[in-house]
Amino acid sequence: MAVNETGSLVFIDGILNKYKYLNILKENLNQGAIKLNLLDDFYFQQHNDPKHAQLEL
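Residues in the sequence shown are numbered from 1 upward in steps of one, following the numbering used here.
It is worth saying that the hints were derived from the structure and are not from the lab. Be aware that a few hints might be false.
[Stated by the list, open to error] Heads up, simulated SDA-like pairs for lysine to any residue below, C-alpha to C-alpha not over 25 Å straight-line:
hint: 1; residue 1: Lys20; residue 2: Asp49
hint: 2; residue 1: Lys18; residue 2: Asp49
hint: 3; residue 1: Lys26; residue 2: Glu5
hint: 4; residue 1: Lys18; residue 2: Gln46
hint: 5; residue 1: Lys20; residue 2: Asn48
Quick caveat: nothing in here was measured; it's all calculated off a predicted structure.
Can you make the complete structure from the sequences, with help from the hints?
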């Protein structure tokens with residue numbers, strides 16, 4: 001979400017877990033930043049839901 005536009009809507013089948021969440025980010029985060037013209041000044045923020053806090057490199 002940006003000041004004047006939103007990114008893509010992603011539908012989730014079943015229950016969201018850390019693996020589905022990471023896959024959504026991998027498939028959509030960069031595309032959303034490009035669509036919103038945010039690549040030069042881009043910050044990704046999320047809340048502290050446990051599936052969001054799992055670090056996987």
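Practice prompt. Tell me, in ascending order, the numbers of any earlier hints that this structure violates.
Written response: Going through the list in order, the structure violates no hint and respects every one.
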